[in-house]
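The numbers in the sequence shown follow the numbering used here, run straight up by one, and end at 312.
Derived by calculation from the structure, the hints in this document are not laboratory data.
Some hints could be false.
[Claimed, not checked] Pair by pair, the computed Cβ-Cβ distance ranges are:
1. E50 x R302: 40 to 46 Å
2. R178 x G266: 34 to 40 Å
3. R302 x S238: 53 to 59 Å
4. G52 x E149: 51 to 57 Å
5. P168 x E42: 16 to 22 Å
6. G213 x E298: 14 to 20 Å
7. A306 x P226: 45 to 51 Å
8. Q210 x V173: 44 to 50 Å
None of these values were measured; they are calculated from a predicted model.
A virtual CB, placed ideally from N, CA and C, is assigned to each residue, including glycine.
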Amino acid sequence: MTSTTTDRSAAMEDVFSDEGQASSLNLLGRAMAELADRHDDVVVISADLGSALSELRERHPSRYVELGIAETNTISVAAGLAASGFRPYVVAFAPFGMIKCAEQIRTDLAATMMPVTLVTRLSGLAMGYFGASHHAVEDLAIARSITNLTVMTPADNHATLGLLEASHESAGPVLLRVSEATAPVYSSVPDLTRGRFVQVREGTDLTIIGTGAGVGCALGAAEALQEQGISVAVLDAAYIKPFDAAAVLEAAASTRAILTVEEHSEVGGLGAAVAEVLGRNGVATRLGSIALPDADLEVGVPAELLDHYGITVEGVTRKAQALLTTGG
């Protein structure tokens, strides 16, 4: 991928600074502080992401622990705190917090139903500048396979706030996968029901189901396609697990095709989950997906990577047109 030196420096600063674009888009540090304001049992454990939690540290210093680059240990410490009556939140980089800690999440949290929320930042290609080892594109596939783990993927800042609050009420462990490259979808915190998609837009020709950053792309594409006379419904898969099979079947019945959009591998993510629902129920419909290929991925500035793989409004629009006209 190509970029100027200035662009690269800005991208690196954005990743680690509270003043950078990534944090200002997600407002995660402020949201965590406000969650702790509302609930006295919330404690936050950081795995080398303290720079994004400055407000929490200032307002609740006794309920913040920095464990550094020790992600697997953060999960086990959180399990111990949960067993002692706290509601721990672990904040970690997505490629390490979920993928590296799969065993601890399964054994220490899910098998024992510990009410711990793992908040992973910089998912998908958001750390793409740092090399392929920092891509977090398999995390949803791993998370979906862990029994008792609730999996949430907010579409924008308002959805992040809503799902953060919902996670506090969860009976067991939660993965909250935060995307960085989200476009605004909601004007306020949306109504969210556990295991249900959100109907963002109604339509009759095509249903686009997005998750995370994919929802904003889907909404932009729907608006572009409307100008061409194509009516597009948009669903927000805010919950990947439990999965809203009923919404998928309704989409297949009410529109001519379904297109999924995600910043995740094509293996085991949203598109795969939708295909499983259709197959298990014997429903035939046109199904397309925009996801990352099961191949060695490029390294570069995240915005350029997303454009390269078609996870943009323009990419979704082109794929939708092809799906409706040629089936591919």
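Each hint, compared with the structure:
1. E50 x R302: 40 to 46 Å: holds, 44 Å
2. R178 x G266: 34 to 40 Å: The hinted range 34 to 40 Å is violated for R178 and G266, with Cβ atoms some 27 Å apart.
3. R302 x S238: 53 to 59 Å: Hint violated: Cβ distance 23 Å, outside 53 to 59 Å.
4. G52 x E149: 51 to 57 Å: violated, 28 Å
5. P168 x E42: 16 to 22 Å: This hint is violated: roughly 28 Å between Cβ atoms.
6. G213 x E298: 14 to 20 Å: For G213 and E298 the Cβ distance comes to about 19 Å; the hint holds.
7. A306 x P226: 45 to 51 Å: violated, 31 Å
8. Q210 x V173: 44 to 50 Å: Check failed, 26 Å falls outside 44 to 50 Å.
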